[in-house]
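4 protein chains.
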Amino acid sequence: MITPLDAHGNIDYNATNILIKYLEGINVDYLFPMGSTGVFPYFTLKERKDFLKFVRENSKKPIMAGVGSSSINEVNELMKFSMDIGIEAAVLMPPYYIKLNQEAIYHYYKEILSSNDMDLLIYNIPQFTNKIDPETVKNLKSEFSSVKGVKDSSADIRGFMEMLSLSDDDFAVFQGQDDLLFTSLELGASGGVCGTTNFSDGIVRLYHEYKNNREMALKIEKNDVIPLMKKLGKYQFPNAYYEYFYKKNNINGGYRPPMYRVGIEI
Amino acid sequence: MITPLDAHGNIDYNATNILIKYLEGINVDYLFPMGSTGVFPYFTLKERKDFLKFVRENSKKPIMAGVGSSSINEVNELMKFSMDIGIEAAVLMPPYYIKLNQEAIYHYYKEILSSNDMDLLIYNIPQFTNKIDPETVKNLKSEFSSVKGVKDSSADIRGFMEMLSLSDDDFAVFQGQDDLLFTSLELGASGGVCGTTNFSDGIVRLYHEYKNNREMALKIEKNDVIPLMKKLGKYQFPNAYYEYFYKKNNINGGYRPPMYRVGIEI
Amino acid sequence: MITPLDAHGNIDYNATNILIKYLEGINVDYLFPMGSTGVFPYFTLKERKDFLKFVRENSKKPIMAGVGSSSINEVNELMKFSMDIGIEAAVLMPPYYIKLNQEAIYHYYKEILSSNDMDLLIYNIPQFTNKIDPETVKNLKSEFSSVKGVKDSSADIRGFMEMLSLSDDDFAVFQGQDDLLFTSLELGASGGVCGTTNFSDGIVRLYHEYKNNREMALKIEKNDVIPLMKKLGKYQFPNAYYEYFYKKNNINGGYRPPMYRVGIEI
Amino acid sequence: MITPLDAHGNIDYNATNILIKYLEGINVDYLFPMGSTGVFPYFTLKERKDFLKFVRENSKKPIMAGVGSSSINEVNELMKFSMDIGIEAAVLMPPYYIKLNQEAIYHYYKEILSSNDMDLLIYNIPQFTNKIDPETVKNLKSEFSSVKGVKDSSADIRGFMEMLSLSDDDFAVFQGQDDLLFTSLELGASGGVCGTTNFSDGIVRLYHEYKNNREMALKIEKNDVIPLMKKLGKYQFPNAYYEYFYKKNNINGGYRPPMYRVGIEI
Chain A
21 MITPLDAHGN IDYNATNILI KYLEGINVDY LFPMGSTGVF PYFTLKERKD FLKFVRENSK
81 KPIMAGVGSS SINEVNELMK FSMDIGIEAA VLMPPYYIKL NQEAIYHYYK EILSSNDMDL
141 LIYNIPQFTN KIDPETVKNL KSEFSSVKGV KDSSADIRGF MEMLSLSDDD FAVFQGQDDL
201 LFTSLELGAS GGVCGTTNFS DGIVRLYHEY KNNREMALKI EKNDVIPLMK KLGKYQFPNA
261 YYEYFYKKNN INGGYRPPMY RVGIEI
Chain B
21 MITPLDAHGN IDYNATNILI KYLEGINVDY LFPMGSTGVF PYFTLKERKD FLKFVRENSK
81 KPIMAGVGSS SINEVNELMK FSMDIGIEAA VLMPPYYIKL NQEAIYHYYK EILSSNDMDL
141 LIYNIPQFTN KIDPETVKNL KSEFSSVKGV KDSSADIRGF MEMLSLSDDD FAVFQGQDDL
201 LFTSLELGAS GGVCGTTNFS DGIVRLYHEY KNNREMALKI EKNDVIPLMK KLGKYQFPNA
261 YYEYFYKKNN INGGYRPPMY RVGIEI
Chain C
21 MITPLDAHGN IDYNATNILI KYLEGINVDY LFPMGSTGVF PYFTLKERKD FLKFVRENSK
81 KPIMAGVGSS SINEVNELMK FSMDIGIEAA VLMPPYYIKL NQEAIYHYYK EILSSNDMDL
141 LIYNIPQFTN KIDPETVKNL KSEFSSVKGV KDSSADIRGF MEMLSLSDDD FAVFQGQDDL
201 LFTSLELGAS GGVCGTTNFS DGIVRLYHEY KNNREMALKI EKNDVIPLMK KLGKYQFPNA
261 YYEYFYKKNN INGGYRPPMY RVGIEI
Chain D
21 MITPLDAHGN IDYNATNILI KYLEGINVDY LFPMGSTGVF PYFTLKERKD FLKFVRENSK
81 KPIMAGVGSS SINEVNELMK FSMDIGIEAA VLMPPYYIKL NQEAIYHYYK EILSSNDMDL
141 LIYNIPQFTN KIDPETVKNL KSEFSSVKGV KDSSADIRGF MEMLSLSDDD FAVFQGQDDL
201 LFTSLELGAS GGVCGTTNFS DGIVRLYHEY KNNREMALKI EKNDVIPLMK KLGKYQFPNA
261 YYEYFYKKNN INGGYRPPMY RVGIEI
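Chains as they are written, first to last, in our numbering: chain A, 21 to 286; chain B, 21 to 286; chain C, 21 to 286; chain D, 21 to 286.
Calculated directly from the structure, the hints in this document are not laboratory data. There's no promise every hint is true.
The list treats identical chains as one, so a pair stands whether inside a single copy or across any two.
Straight-line C-alpha distance at most 25 Å; calculated SDA-like pairs for lysine to any residue [as the list claims (entries may be wrong)]: (1) 231 - 207; (2) 119 - 246; (3) 251 - 238; (4) 73 - 101; (5) 66 - 96; (6) 161 - 251; (7) 251 - 174; (8) 250 - 282; (9) 239 - 176; (10) 239 - 253; (11) 268 - 282; (12) 119 - 286; (13) 254 - 155; (14) 158 - 91; (15) 168 - 133; (16) 130 - 282; (17) 250 - 178; (18) 250 - 147; (19) 251 - 153; (20) 250 - 192; (21) 151 - 109; (22) 66 - 132; (23) 242 - 191; (24) 130 - 28; (25) 119 - 285; (26) 119 - 148; (27) 251 - 224; (28) 69 - 30.
None of the values given here were measured: they were computed from a predicted structure.
My request is simple: use the sequences and hints to build the entire structure.
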C-alpha cells in the first residue's frame with residue numbers, strides 16, 4: 021500500500037479508504053501498510069500508528085504491518101501497538117543507515133524477537149538497507165517460531181532461491197518484485213507482495229491464474245506486469261506509484277518531500 | 021560524540037558527563053551529539069531530545085546537533101527543540117533508506133530550510149545514506165543563508181575538493197574522516213568533525229599544530245591518527261569507539277542492538 | 021569448455037581430448053572453447069588459435085568459439101581464423117579494462133560486424149567486463165543479420181527477461197549461469213551455455229528433461245545443479261572447475277597464474 | 021602518453037613524434053607509452069612492440085613501458101622486448117577480466133617477477149581491473165628487489181596513504197590522478213604519472229613549483245589542473261585526451277573502436 025497524501029503532504033484518509041476498497045475489490049489476500057512503497061521512513065511514529073489503526077478499522081482483510089526502524093525501541097512499540105489493535109503480522113527489514121555485518125543484524129532481530137510474540141516476516145531489500153543473508157534468516161527461523169517467512173525484494177533470483185530452500189509449511193517466501201513473481205512462483209514461492217496492486221489488478225490475476233493456467237499467467241506477466249513496471253521504473257521511486265493512483269482516482273493528491281510529483285501518464 | 025550506554029542499552033548520563041568533560045579538556049571547539057558515531061538512528065525522538073538537552077545543560081561549549089531523519093516532521097521538531105534550548109547549529113544528512121536522486125534531496129532540504137532559521141551544516145556521508153552532490157549543496161547555499169557549511173565524511177578527496185570550491189567567509193567545509201584531516205587542511209578545509217576525539221586527543225593536537233608546525237601535524241597524523249583509525253576500522257562501526265571509551269574510563273558500558281561488544285584492546 | 025593445462029601451465033591436448041569425448045558423450049549441442057571458464061585472456065593469440073584448431077579437428081559437434089579481445093584487430097583475426105577452419109559461430113563480449121558507455125560498445129561491435137560475416141552471439145557478462153544493454157543488442161541485431169543471439173551470464177533475471185523480449189526465430193537467448201537455467205527455460209530461453217558440463221551431466225539432463233518432464237527438471241536443478249554451483253562458488257573462479265575435471269579424470273593437471281590449485285573435493 | 025591514431029585508426033608515427041617532442045619540451049622525467057591513456061588493450065602485441073620501439077628510438081628520455089596483459093606469456097614477451105631495446109622500467113597492473121582475489125594476483129606477479137629482472141612499477145587502477153592491496157604490494161616488494169614502486173590511480177587517498185607507508189629510498193609511490201598530485205606530494209608522494217601532459221604543461225609546472233613555492237603549486241592545481249580534469253572527465257575516457265591533442269596540433273587524427281570522436285573544445 022502507498023500512503024496517500026493530500027496537497028499539504030499529510031495523510032489523506034479519504035484516499036486511503038478508496039485504496040482499501042480497491043485492494044479488497046481486486047481480492048488481495050493481505051493488506052500491507054507502511055512498507056517501502058508506503059514510504060514509512062517519511063512519517064513520524066504517531067503518523068505510522070494512526071495509519072495502521074485506520075487500515076485496521078476500515079478493513080477485515082488480514083494485515084501485515086511494516087514496523088521497520090533502526091531503533092529497536094520504535095520497532096517494539098510499533099509491534100506491540102499493531103498486535104494490540106489486532107494486526108495479524110509484522111514485516112521488518114534490517115536496520116538502515118549504518119552499514120552492518122550479519123552479526124549486528126542477528127543481534128537486532130534477536131533482541132526484537134525475544135520481546136515480541138507477534139508473527140514476523142523478515143524483509144530483505146538490499147537496495148535500501150543492509151542485506152540479510154539466507155544463513156541469518158535460517159538461524160533466526162530455527163530459534164524463533166514467530167518468524168513465519170521472508171519477503172525478498174532484492175531482485176536477485178539466485179539469492180531468492182536460497183531463501184526458497186528454507187521454505188516449509190510454517191515458513192513462507194514472498195517475492196517483492198512484481199515482474200519477478202511469475203518466475204518466483206515457478207520456483208516455489210508462496211506468493212508476492214507487489215506494489216502495482218495500488219492501481220492495477222494484473223499481478224493479482226497473474227497469481228490466481230498461475231495455478232490453473234500457467235500460460236495465461238505468463239502472458240499477463242509479459243503483456244501487463246513487465247510493461248507497467250518498466251514505465252514506473254523510469255521515475256524516482258515510488259513517486260510514480262502515487263501519481264498513478266491519484267490520477268486514476270481523480271484525487272488531488274500531494275507529496276511530502278523528498279517526494280515530488282512526476283509526469284507519468286496513466 | 022558517542023552516546024554512552026549502560027549495561028541495559030539505555031543512555032548513561034554519568035558516562036556522558038565524563039565524555040563532555042574530556043572533550044572540554046582536550047579543547048574541541050564544538051560538541052557534536054547525535055551524529056553517526058552517536059548512532060542517532062538507534063534512538064527514539066524522545067531519547068534524542070533528552071540527550072541534546074543534557075549536553076546543552078552540562079557544557080558551555082558551542083554545540084552542533086545531529087537532527088537527521090528521513091521524516092521532515094522529525095527533523096523540524098528536532099531543529100525547533102535544539103534552537104529553543106540554545107543549541108548553536110544543526111547537522112543534517114540527506115534522507116536514508118529509499119534511494120534518491122538529487123532532485124528529491126533538494127526538495128527535502130528546501131522544505132526544511134524554508135521552515136527553520138537555525139544555522140545548518142549539510143552532512144555528506146554516502147556510505148550510509150544518499151550522496152548529496154556539490155552542485156546541490158551549491159544551490160541550497162545560494163538560496164538559504166542559514167546553510168553555513170558542509171561536513172563531508174565521504175573519504176573521497178576529489179569530491180571534497182569540489183566541496184572546498186564552495187568555501188567562503190560564510191561557508192565552512194569540514195572533514196569528517198580523522199585520517200584525512202591533515203590532507204584536508206592542506207587543501208583549505210575549515211576543520212574536522214572527528215570521532216577519535218571521544219577517547220584520544222591526537223586529532224585535536226594535529227589541528228592545533230597545523231597552523232604553526234606543519235611537520236609536527238603530519239607526524240601526528242602518521243604516528244597517532246592513522247594507526248588508531250586502522251585499529252578501529254577492523255570492527256563493525258562504531259562499536260570499537262564505544263568499547264575504547266568504556267575501557268579507558270573503566271565504565272561498565274553496554275550496547276543496544278544492532279550494536280554489540282567487540283574485543284578491541286586499548 | 022575449460023582449457024586443460026599440464027603441470028607447467030601449458031595447454032594439455034590429451035586432457036582436452038578427454039574433455040571433448042566427455043562432452044560428446046553427455047550430448048551437448050555445441051562445444052564452446054575459449055570462453056570465460058576457458059580463461060581465454062590468459063592465453064596468447066597463437067595459443068587460442070591452436071586450441072580452437074584442435075577442438076575443430078577432434079570433434080564433429082558444432083562449435084561456437086570465444087573470440088573476445090579488447091583489440092578489434094585480434095577479434096577480426098580470431099573470427100577469420102575460426103571461419104576458415106570451419107567453426108560455426110563466434111561469441112563476443114564487449115571490450116574489457118577501460119570502462120565504456122553504450123556508444124563505445126556499439127562502435128566496437130559495429131566495426132567488427134561490418135568486416136565479418138560469421139554468425140555471432142553477443143555475450144553479456146557484466147561481472148567481468150562492460151555491460152551491454154538490451155537496447156544496444158537490439159540495435160545491433162536490427163542492423164546485422166549475422167547477430168544470431170545473446171549469451172547472458174549476468175545472473176540478473178530482470179535483464180535476462182529484457183534480452184528474451186528480443187527472441188525470435190533468428191535470435192536465440194542463452195542463459196550462462198547453470199543454476200538459473202531452469203528458471204530461464206520457463207521464461208522462454210533457447211538453452212544454456214553452462215560450465216558444469218565440464219565434469220557433470222546434470223545440467224544437460226535438466227535441459228533435456230525440461231520439455232517432457234518439468235518436475236524432473238526442477239528436481240535436477242534443486243538436487244544436482246544448485247548444490248554443485250554452490251560448492252564451486254566457494255573458490256576463486258574458475259579454479260575449482262579445473263581441479264574438479266582433473267581429479268575426476270585422474271589427470272595431473274596444472275595452472276597458469278593467476279590461476280592456482282584449490283582444495284575442492286569431488 | 022596517448023597512442024596517436026590516423027584517420028583509419030592505425031598508429032600515426034608522425035603525430036607520435038610531435039607528442040614526444042612536446043613531452044621533452046615540457047620537461048617530463050619519464051615517457052610512459054602503452055598505459056591506460058594509451059589504450060594498450062586496443063592494440064595487438066606487434067603494434068605494442070612497434071610503438072615502444074619507436075618511442076625508444078626517438079627519445080633519449082628514460083622510458084617506463086606499459087606491459088599489461090592478463091596473459092603472463094604476453095607480459096613476459098613485452099618485458100623481454102622492452103629490456104632488449106633499452107627501456108628502463110616496466111609498469112604492470114593486475115590481470116583484468118576475471119575477478120581475482122589477492123592470492124591470485126600474488127601468483128601472477130610472482131610468476132612474472134621470477135622470470136624477469138627488469139625494474140617494475142606495480143600499477144593499481146581498480147576502476148579498470150582487479151585492485152591490488154597494499155599488503156600484496158608489500159609482500160611482492162619484500163621478495164623481489166626489482167619491484168621499484170607503485171603507480172596508484174585509484175583516486176582513493178586513504179589507500180594511497182597506505183601505499184605511501186611502503187615508501188623508502190628504493191620504493192617510489194606515484195600518483196596517477198592529475199588532480200590529486202598536489203595532495204599526494206604533500207603526503208610524501210614521489211611524483212605523478214599524469215595524462216594531461218599530452219597537451220598541457222600545468223601538471224609539470226605544479227610538480228616543479230612544489231618544492232620551492234607550495235602556494236604557487238596549489239594555485240596551479242586549482243586554476244589549471246582541476247578545471248582541465250573536470251572538462252576531460254565529461255567524456256568517455258580517454259577520447260577527449262586524443263581529441264584535445266589532435267586539435268591542439270592540427271592533426272587529422274582518428275579513433276579505433278570502441279573509441280570515437282568527442283566534441284571537446286580546446
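Check each numbered hint from earlier against the structure, then list the numbers of those it violates in ascending order.
none
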